[in-house]
Amino acid sequence: MTALFVALGAAIGAPLRYLADRAVQSRHDSAFPWGTFAVNIAGSFILGVLIHGTSVRHVPGSVYALLGTGLCGALTTYSTFGFETVRLLEQRVRAYAVLNVVASIVAGLGAAFCGIAVAEALWS
Amino acid sequence: MSQTTRLPGDREAERRGPAPWPVLGVISAGGVLGALARYALASAWPHSPGHFPWATFVTNVAGCFLIGILMVLITEVWSAHRLLRPFLGVGVLGGFTTFSTYTGDVQQLVAAGAARTALAYLAGTLIAALTAVHLGLTLTRLATRGHRTSRGTETS
Numbered sequence: 000m001t002a003l004f005v006a007l008g009a010a011i012g013a014p015l016r017y018l019a020d021r022a023v024q025s026r027h028d029s030a031f032p033w034g035t036f037a038v039n040i041a042g043s044f045i046l047g048v049l050i051h052g053t054s055v056r057h058v059p060g061s062v063y064a065l066l067g068t069g070l071c072g073a074l075t076t077y078s079t080f081g082f083e084t085v086r087l088l089e090q091r092v093r094a095y096a097v098l099n100v101v102a103s104i105v106a107g108l109g110a111a112f113c114g115i116a117v118a119e120a121l122w123s
Numbered sequence: 000m001s002q003t004t005r006l007p008g009d010r011e012a013e014r015r016g017p018a019p020w021p022v023l024g025v026i027s028a029g030g031v032l033g034a035l036a037r038y039a040l041a042s043a044w045p046h047s048p049g050h051f052p053w054a055t056f057v058t059n060v061a062g063c064f065l066i067g068i069l070m071v072l073i074t075e076v077w078s079a080h081r082l083l084r085p086f087l088g089v090g091v092l093g094g095f096t097t098f099s100t101y102t103g104d105v106q107q108l109v110a111a112g113a114a115r116t117a118l119a120y121l122a123g124t125l126i127a128a129l130t131a132v133h134l135g136l137t138l139t140r141l142a143t144r145g146h147r148t149s150r151g152t153e154t155s
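Chains E and H supply the protein sequences, listed in that same order.
Reminder that position 58 of the first sequence reads as 57 in numbering that gives the first Met the number 0, one-by-one numbering, no gaps.
Reminder that position 118 of the second sequence reads as 117 in numbering that gives the first Met the number 0, one-by-one numbering, no gaps.
It is worth saying that the hints were derived from the structure and are not from the lab.
The structure displayed is predicted, hence computed values, not measured ones.
Even for Gly, the Cβ is constructed at its ideal location relative to N, Cα and C.
Just so you know, not all the hints are guaranteed correct.
As the list claims (entries may be wrong) - If the Cβ cut is set under 8 angstroms, some of the chain H residues that face chain E in the computed set are: (1) Gly29; (2) Cys63; (3) Arg140.
With the rest of the complex left out, here is chain E:
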């Protein structure tokens, strides 16, 4: 049954990533992949909340499967992040490639830690 929750969450997460990416890129028309950046950060935050929620038994396994493994897992992406970074390097837009890597990792980790902190504030 857990797989079903993963599937359901992913069914929503993947198109959500696509729509969010389009919405963000249409407002910030630049070579920098703002869309992927946005969904990766948002997903990292949400998963941070869920990870702590699971550890203090506030988030049941089914909810984690649905929103964490499913939604966040499909909402975020490493393949698009990696491809966009390499493309920026191939196009000699090296500064943007480096920026994409540094910003995504720093902001992503920051978001994860923030998610944990918010969950701790809510649930401990």
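Since the structure of chain E is already known, use the hints to place chain H on it.
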């Protein structure tokens, strides 16, 4: 360098008009397949706190290798069905790979007192993944030399 420098070919078509339902549909379906594959790998290859998250690592690196292959085939070789790239790229590989689990894993490793493992995982995934994309692109371009259309994305 101009702020509005655009990369040729990659995403122009996706920005025109409202998102068509067939595209969303195949993305959703692909996402489910990718996520289930990721879940299966993670279930078969669990890791205890403080230990290197091999399942996520392999998932992300493999997904990056595959997207390199896919992007060359889709944009430089095949006259692909317009739904193939959303299905396989955005859907399957996007659902398969994950950035949130990556950052969550790092946080968990640090919390478990395994800072060195956290750093190795953080940097290792990044380096391996970017290398995998490059490898996927390069090997596929080599393998399909002579079969490519004029609308290639190869630069040098």
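Hints and how they fare:
1. With 8 angstroms as the threshold, the beta carbon of H:Gly29 comes within range of chain E, its nearest partner Cβ sitting at about 7 angstroms, so the hint holds.
2. Here the hint on H:Cys63 is kept, as its CB sits about 4 angstroms from the closest CB of chain E, short of 8 angstroms.
3. Interface restraint check: H:Arg140 against chain E, minimum CB-CB distance 11 angstroms, threshold 8 angstroms, status violated.
Violated hint for the displayed structure: number 3, the only one.
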